[in-house]
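Respectively, the protein sequence lines represent chains A and B.
For the first sequence, the positions run 1 to 291 when the working numbering is used.
For the second sequence, the positions run 1001 to 1234 when the working numbering is used.
The hints are simulated quantities; they were obtained by calculation from the structure and are not laboratory data.
Where hints are given, some of them may not hold.
[As the list claims (entries may be wrong)] Here chain A is said to cover these stretches of chain B; the calculated rule only asks that three of the stretch's residues, wherever they fall, bring their Cβ under 8 Å from a Cβ of chain A:
id	stretch
1	1064-1072
2	1076-1082
3	1087-1095
4	1100-1108
Backbone N, C-alpha and C fix where the C-beta goes; we use that ideal spot for every residue, glycine too.
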Amino acid sequence: MDLFLQSLVSGLLIGGLYAIIGIGMTLIMGVLKIINLAHGQILMVAMYITWVLWHTWGLDPYLSIFITIPLVFVFAEGLSKYLLHPLIEKDSILPENQVLMTVGIGMVLVELARSIFTSDYRSIQTSYTDKSLYIGNISLSLPLVIAFIIAIILTVGLFYLLAKTDLGRSIRATAQDKFSATLMGISAAKITILTYGLGSALDAAAGSLLLPVYYLYPDVGPLFTVKAFVITILGGLGSTVGAIAGGLVLGIAETFGATYISSGYRDATGLVIFLIVLVFFPGGLKRFTKV
Amino acid sequence: MLKVENINMSYGDLQVLWDVSFEVNEGEIVVLVGANGAGKSSILKTISGLQKVSSGKIKFDNDDLTIIDPAEIIKKGVVHVPEARRLFNEMTVEENLIMGSLHGEAKEKRNETIKKCYDLFPRLKERQKQAAGTLSGGEQQMVAVARGLMSLPKLLMLDEPSLGLAPVLVQDIFDIIKGIRQQGITVLLVEQNVQTTLKFCDRAYVLENGKITLEGTGKDLLNNEHVREAYLGI
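From just these sequences and the hints, can you work out the full model?
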């Protein structure tokens, strides 16, 4: 029973981080109407920034979110403005042009990281990396608990932004009806570019928060793109609340897979859950959340 | 107030507006009538900047709307209530209204204007927290009109507000439009509901195949032989 609870709690904690990755992807999908296949790679960039900050100046990885979030935001805005957005205006044979562009961006980022940092595995050691909190017989990894709390704060902040501010409402309006949004005086181009930045910034936060409990190498990018994609599909495409559910489900599924099957099957379990959901609940978990 | 001068507009290779000119004076209700595909909605889309003209000018007060970014046009006091309502379906009624008031003076007076809109459409007050997509057609049309009014427009452009509404509601919507004009807002209306609209408008233009073929006061056009035959079936 303890093992079960232990897995459940660990899964939930990591799921909180997956959730903000998924929310970022969902935002981008909602407004740009594309699957951002560079999502994990952008997370990898944030992880490398965090690693460099820690390695060079000894900056605490959790404090570094104050640097990675704005830095990645600006970087992603640039990608969106100069690489993705120009494609919207062009008529082409393939409507998926922008998706292909994100694939290209992803590849370039991975190979750039490889040429700068080599393929070596890296991780960081902080004074609290190995510390745990105990509730009864269940241990909670301290870095994951901190990461989970920060993830919740970011999620609440984002929901406040989307629900209560004109900017957030404009983002939702653009996602729902670009034509009407323009009539209301919302510049669809500005919102599109901004949303890519915002989605990537959440992704960046997840990257910084993951680094103390994860290892880092360039190909972590594609791995997290797949995870982000799975979370978004689990959540039912375009639902932010669904993305949270998707993130938690993926986190728990992976931890149970690692506990009860083999830690080598961690990622495989997540993908099996993904297939099951696609076959039996093609609409994703959105059916159950109704938001 | 609004002066459309010799505009030509095409969708790709297909030209849909041919040398269209008309004007709307302050305080008027002007109607563009015509059959499906005559180019009525296209005219509104060019005024609100969603379609670029290939030639011609659209003057509103002192601005040329053809060279302004479409998202800026609402700030000039021109608002377009689009065909088939196009609400933000997953947002609440109140949020939809808020979306109409994102800029300048409209934003400052947001709460005040929302109250006025609820006075005008008491039904919407009852439904303020409901998602707009769940409302009936008539209620959605009220939201669309109210969302337009939220921007405190000088010129309100309505694209087929009676589309898909029960006859009783059609009369309601037209009464509301008259009320809006009494508040000093100029109205440019696009309609297929020719008989009713010609009765209460000040002036009307008849559009056929992208060209303006007739113009005059509502009464004149109601008595016009061609209009009676082609649109009223008399």
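So, going through the hints one by one against the coordinates:
no.: 1; hint: 1064-1072; verdict: holds (count 4)
no.: 2; hint: 1076-1082; verdict: holds (count 3)
no.: 3; hint: 1087-1095; verdict: holds (count 6)
no.: 4; hint: 1100-1108; verdict: holds (count 4)
Checked against the numbered hints above, the structure breaks none of them.
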